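Enquirer: Sequence:
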Amino acid sequence: MVVVVKLMLSVGWWNTFAVGAVVPDKSDFYYSQARSDMATIDLNETNIQDTISKDGTVIIDFWAPWCGPCRGFAPIFEKSSEAHPDVVFGKVNTEDEQGIAGVFEIQSIPTLVVFRDGIPLYRHSGALQPQDLETLLSQVAALDMDEVRQKVAEATGNAEESE
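Residues 1 to 163 in the UniProt record's numbering are what the sequence shown lists, from first letter to last.
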């Protein structure tokens, strides 16, 4: 997974969102509403920054209504969101949120992007099978985030700040 972190860092968009990640109070209104009212949340320009900056794991599905593979992956994503209430599952409709799709340089859909503690860790274009999504979530949960933060600091030239 550290290799994936380096890959994400090379894309360039990570610092728009990941730098200065905040550790929220999990009892805050937005977090509790997002997790208690629905298994997945619709992300847009008003809530994406707050969502991906959260402490913990956030997985985003970039999709469009006309996309056959997106429609096929949607039930897998939804079922996984119900099985993992500790993970924030967000969806971005690329037709409605073209600005967000542009920032994330989405060129094919579905595309998944995974953050943990505000740091982008993984990006995959194409639908995943249920077992592959479960494996991905397990691998992200098992990451040593202190090590990841150190790698991010080294890659961005801020190694002294992470110590």
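Be aware that one or more of the hints could be misleading.
Pairwise CB distance ranges, derived in the manner of DEER restraints [what the hints assert, rightly or not]:
| hint | residue 1 | residue 2 | range |
| --- | --- | --- | --- |
| 1 | Asp42 | Ser125 | 19 to 27 Å |
| 2 | Ala83 | Ser125 | 18 to 26 Å |
| 3 | Thr135 | Pro85 | 26 to 34 Å |
| 4 | Glu78 | Asn44 | 34 to 42 Å |
| 5 | His124 | Ala155 | 17 to 25 Å |
Hints listed in this document are in silico derivations from the structure and should not be mistaken for laboratory results.
Computed from a prediction, not measured in an experiment: that's the story for all the values here.
We treat Cβ as the ideally placed atom computed from N, Cα and C, and that holds for glycine.
Enquirer: Give a verdict on every hint.
Expert: Results of checking the hints against the structure:
1. With their beta carbons about 21 Å apart, aspartate 42 and serine 125 fall inside the hinted range of 19 to 27 Å.
2. For alanine 83 and serine 125, the hinted distance range of 18 to 26 Å is satisfied, since their beta carbons lie about 23 Å from each other.
3. Our hint of 26 to 34 Å for threonine 135 and proline 85 is violated, since their Cβ atoms are close to 19 Å apart.
4. For the pair glutamate 78 and asparagine 44, the beta carbons lie near 19 Å from each other, so the given range of 34 to 42 Å is not met.
5. A beta carbon spacing of about 20 Å between histidine 124 and alanine 155 agrees with the range 17 to 25 Å that was offered as a hint.
Violated hints, listed in ascending order, are 3 and 4; each of the other numbered hints is respected by the structure.
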